[in-house]
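Participant: Spelled out, the chains give:
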Amino acid sequence: MTTSAPPAPRTAAHSPRGISGFLTRLQGGNRFTPSDTLTYLYLIGGTLVMSVPVLWLVMSSFKPLSDLYSDEQTFLPYRTQTIAVAGYERPLDLYEVTFEDGTAQTLAEVSRVGIVARMIDPAAPETIIEVNINQRAALREIYFAFDNYTGAITQFPFLTYLGNSVVVTVGATMLTLICNSMAAFGLSKYRFRGRNALFLVMLSTLLVPVSVILIPAFLVVSQLNLTNTLLGLIIPGAATPTGVFLLRQYMLTIPDELLDAARVDGASEWRIFWQIILPLARPALAVLTIFSFMWRWNDFLWPLIVTSRTELFTLPVGLNAFQGDLTTQWNFILAMTVLTMLPITVVFALLQRFITSGIATTGIK
Amino acid sequence: MTDFSTVSESTFEERSFWDRLGAFIISVLVLPLALLDGLLSRLQARIGIQRMGYWFILPNLLIFGTFILLPMLLNFYYGFTGGTSILPQNRTWVGTENLSALLTCEDYTRPLTCTEDLFWRGAANTVRFVVIEVTAIILLSLVTAVALNRRIRARGFFRSVFFYPVLLSPVVVALIWKWILQPQGVLNSLLADGRPIPFLTNADWAMFWVIVVHVWAQMGFYTLILLAGLQAIPKDLYEAASMDGANEWSRFWHITLPLLRPTMLVVLVLTLIRSVQVFDLAFVFTGGGPGTATQFLVQFIFQSAFDDRRFGIAAGASLLLAGTLLVFTIIQLRVNRSSLDNGEG
Chain G
1 MTTSAPPAPR
11 TAAHSPRGIS
21 GFLTRLQGGN
31 RFTPSDTLTY
41 LYLIGGTLVM
51 SVPVLWLVMS
61 SFKPLSDLYS
71 DEQTFLPYRT
81 QTIAVAGYER
91 PLDLYEVTFE
101 DGTAQTLAEV
111 SRVGIVARMI
121 DPAAPETIIE
131 VNINQRAALR
141 EIYFAFDNYT
151 GAITQFPFLT
161 YLGNSVVVTV
171 GATMLTLICN
181 SMAAFGLSKY
191 RFRGRNALFL
201 VMLSTLLVPV
211 SVILIPAFLV
221 VSQLNLTNTL
231 LGLIIPGAAT
241 PTGVFLLRQY
251 MLTIPDELLD
261 AARVDGASEW
271 RIFWQIILPL
281 ARPALAVLTI
291 FSFMWRWNDF
301 LWPLIVTSRT
311 ELFTLPVGLN
321 AFQGDLTTQW
331 NFILAMTVLT
341 MLPITVVFAL
351 LQRFITSGIA
361 TTGIK
Chain R
1001 MTDFSTVSES
1011 TFEERSFWDR
1021 LGAFIISVLV
1031 LPLALLDGLL
1041 SRLQARIGIQ
1051 RMGYWFILPN
1061 LLIFGTFILL
1071 PMLLNFYYGF
1081 TGGTSILPQN
1091 RTWVGTENLS
1101 ALLTCEDYTR
1111 PLTCTEDLFW
1121 RGAANTVRFV
1131 VIEVTAIILL
1141 SLVTAVALNR
1151 RIRARGFFRS
1161 VFFYPVLLSP
1171 VVVALIWKWI
1181 LQPQGVLNSL
1191 LADGRPIPFL
1201 TNADWAMFWV
1211 IVVHVWAQMG
1221 FYTLILLAGL
1231 QAIPKDLYEA
1241 ASMDGANEWS
1251 RFWHITLPLL
1261 RPTMLVVLVL
1271 TLIRSVQVFD
1281 LAFVFTGGGP
1291 GTATQFLVQF
1301 IFQSAFDDRR
1311 FGIAAGASLL
1321 LAGTLLVFTI
1331 IQLRVNRSSL
1341 DNGEG
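Protein chains in written order, with the numbering used here: chain G, 1 to 365; chain R, 1001 to 1345.
Just so you know, these hints were derived from the structure itself, not from any lab.
Treat the hints with caution; some may be incorrect.
Partner residues are not named here, just some residues of chain R that face chain G (Cβ under 8 Å, in silico) [unchecked claim]:
1. I1049
2. N1060
3. G1082
4. I1086
5. L1167
6. P1170
7. W1179
8. I1255
9. L1257
10. L1268
11. Q1303
12. L1321
Pairwise CB distance ranges (calculated) [unchecked claim]:
13. I1197(R) <-> R90(G): 36 to 44 Å
14. P34(G) <-> W1253(R): 17 to 25 Å
15. V346(G) <-> R1261(R): 34 to 42 Å
Residues of chain R placed beyond 10 Å of chain G at every Cβ, according to the derived structure [unchecked claim]:
16. W1018
17. G1083
18. L1087
19. S1100
20. S1250
21. L1259
22. D1280
23. P1290
24. G1291
25. L1325
Fair warning: this is a prediction, and the values are worked out from it, not measured in the lab.
C-beta: ideal position from N, C-alpha, C; glycine also.
With the sequences and hints as input, model every part of the structure.
Facilitator: Shown next, in the form of structure tokens:
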């Protein structure tokens, strides 16, 4: 999960002995200083601020609707314990009942009329005991209920959105990789008129966000009959200047002699591209893949404009439509939100070390 | 011994990870690439090696030209034409009418007297948002990066925790916080007794939370960039300073900050360019409300175009926005150059 474990202190003789010495020992054998304490306090506080909102949503998605708006909110999801008693069709809810004399007993509820509950002792189910509902408290246990998830999947076109998101993300990423690497190869390994001007124009559009060209971009897409199609979501964003730039810079480091040698051996230019250059640009391709995956999976503005039919919505657009339409059905929205962030989270959990250092070195997002 | 450590993150193991991932990706792409083999070698036989360069650029150029370059040029046309039709041939030339409508106010101290008061409202909100958000992001990510750069245990864990929200869709981030800030949400049940605080229905609270949520979602990215900048500072500078008796604070003030300046500039410009375009997260989070309290420029463009069909006004506003971004970029280039000159001289 984390980077390599801290190495042992360099000189054991200098490090303090005992448990407190072990706990406060640092890399290099120095003692804890006040600024170290401050650092850890800040980082732990920051960790809570960054993670608790996400965890709260995840936990909430496992709670029944009735608990989502209860006065006493708990972090973990709970449910009332039940027990199957002979003679009763459905399992009965269990309660801890405190009698007037101070004794307590675990009873199961048979039915309830007003403020009086008719209860039985599961061990002796024949006798009905009448209890005031103020005298009892439900027995609760931690329970992760998947009802919100099954509800979200069966009652809403969640799977359609998921499918669209997968098709768009995978298709667009493949198209991006092929187009960008071809362009990067052309720009880095050939000399022709207008090459540098072309590269500069491309780079300058890095600064022009989609939000600035919304209207004409929509016009172009609609004139090409690409609105409300998955192709309209896949193609327009595929020619990312960022990707071309990243790959070109990488390919410039590949020596031209390699290409000449392959040409002498009779390889065609196309073959040189995909059999020699692409394998050598593996790390850059991998970084671009992760970025493209992230961009496309999370993209909101473009699909919002291009699609108006619900069967073509991607997950973020569908999720937004839900939260606008059904303000009362938060239990389903919570489950769908968790499912939407799940793939990115899994990929990140597996690759986090590589992703964070990859971004730090390339500086793109 | 210094309290700062320079950790080389690009280990051998890491390099081989990117190699393996890249190899897997190529194996997925290999089929379409191999299928084009015959076609393209015949093409090469006809046109020669040097002109193959054009063909390699062609697919990317087609997509780029159609969906990025052409729209950029068309945007000028929309900005100077009027009417409710999106088709260029049905639009009439109005010259600078859209731009002057956007920029005209009877009394510039009172936004309500402006012809396009929503544009001014959006611009004012955007300026307020940008100033506070950029300041907060730079301060917090600097503090976090410095903390992460110290000799600490579990650095990778902390780094990942701060970075994780960056990966989430703006829609997901908006929903996470909307759920917490609801009238019956957890924050209200912790803080208020009976009367919920109107976090998202009071104008000032809504703006406050829009800023907080943006900082929460984006600071991890800038933290990583600053961390990389910190790790590039030569370690022996700190050792020399400690030998001269400089304490931790003066080492930070006299070594870290000056040497981190180029990285800070990059972060400043990136956050500026990004925060001027604030839209999607806020749109899902507050919808621009309550009223127009959190309505920003891009939302104005979006709604003028797609709700009101006032394409000329929308394009005019996006030209003004693009102009602002251009100014930021030019300033960045200038500042970068002068900081380089200073470094050399």
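Participant: Each hint should be assessed against the structure and marked as holding or not.
Facilitator: Hint-by-hint comparison with the structure:
Annotation: interface hint on I1049(R) holds; nearest CB of chain G at approximately 6 Å, less than 8 Å. This hint holds: N1060(R) has a C-beta 4 Å from the nearest C-beta of chain G, less than the 8 Å allowed. Annotation: interface hint on G1082(R) violated; nearest CB of chain G at approximately 13 Å, more than 8 Å. With a least beta-carbon distance of about 5 Å to chain G, the hint placing I1086(R) at the interface is held under the 8 Å criterion.
The interface hint given for L1167(R) holds, since its Cβ lies 5 Å from the closest Cβ of chain G, which is under the 8 Å cut-off. A cut of 8 Å between beta carbons decides the hint on P1170(R): the least distance to chain G is about 6 Å, and the hint holds. Contact between W1179(R) and chain G, as hinted, is supported at the beta carbon level, the nearest pair being about 6 Å apart and thus within 8 Å. Of the supplied interface hints, the one on I1255(R) is violated, with its beta-carbon coming no nearer than about 16 Å to a beta-carbon of chain G, more than 8 Å.
For L1257(R), the shortest C-beta to C-beta distance to chain G is roughly 17 Å, which exceeds 8 Å, and the interface hint is violated. Interface restraint check for L1268(R): the shortest CB-CB distance to chain G comes to about 14 Å, outside 8 Å, so the restraint is violated. Proximity of Q1303(R) to chain G is violated relative to the hint, the smallest CB-CB distance being about 11 Å (cut-off 8 Å). The criterion of a C-beta within 8 Å of any C-beta in chain G is met by L1321(R), whose closest approach is roughly 6 Å, and the hint holds.
Under the hint 36 to 44 Å, the C-beta atoms of I1197(R) and R90(G), about 41 Å apart, fit the expected range. Checking the proposed 17 to 25 Å range against P34(G) and W1253(R) shows it holds: the Cβ atoms sit about 18 Å from each other. A C-beta distance of roughly 38 Å is found between V346(G) and R1261(R), which places it inside the suggested range of 34 to 42 Å. Not every C-beta of chain G lies more than 10 Å from that of W1018(R), the closest at about 4 Å, which undercuts listing it as non-interface.
At roughly 13 Å, the least C-beta separation between G1083(R) and chain G is larger than 10 Å, which holds for a residue marked as non-interface. The non-interface label for L1087(R) is inconsistent with chain G: the shortest C-beta to C-beta separation is roughly 8 Å, within 10 Å. Residue-level check passed: S1100(R) sits 19 Å from the nearest beta carbon of chain G, beyond 10 Å. Non-interface status of S1250(R) relative to chain G is upheld: no Cβ of that chain comes within 10 Å, the nearest being about 13 Å off.
Against chain G, the non-interface label of L1259(R) holds: every CB pair exceeds 10 Å, the least being about 17 Å. Listed as outside the interface, D1280(R) is inconsistent with that label: its C-beta sits roughly 5 Å from the nearest C-beta of chain G, within the 10 Å cut-off. No beta-carbon of chain G comes within 10 Å of the beta-carbon of P1290(R); the shortest separation is about 15 Å. The claim that G1291(R) is not at the interface with chain G holds, since no C-beta of that chain comes within 10 Å of its own (minimum 18 Å).
Distance to chain G contradicts L1325(R) as a non-interface residue, since its nearest Cβ pair spans about 6 Å, not more than 10 Å.
Hint compliance for this structure: hints 3, 8, 9, 10, 11, 16, 18, 22, 25 are broken, all remaining hints hold.
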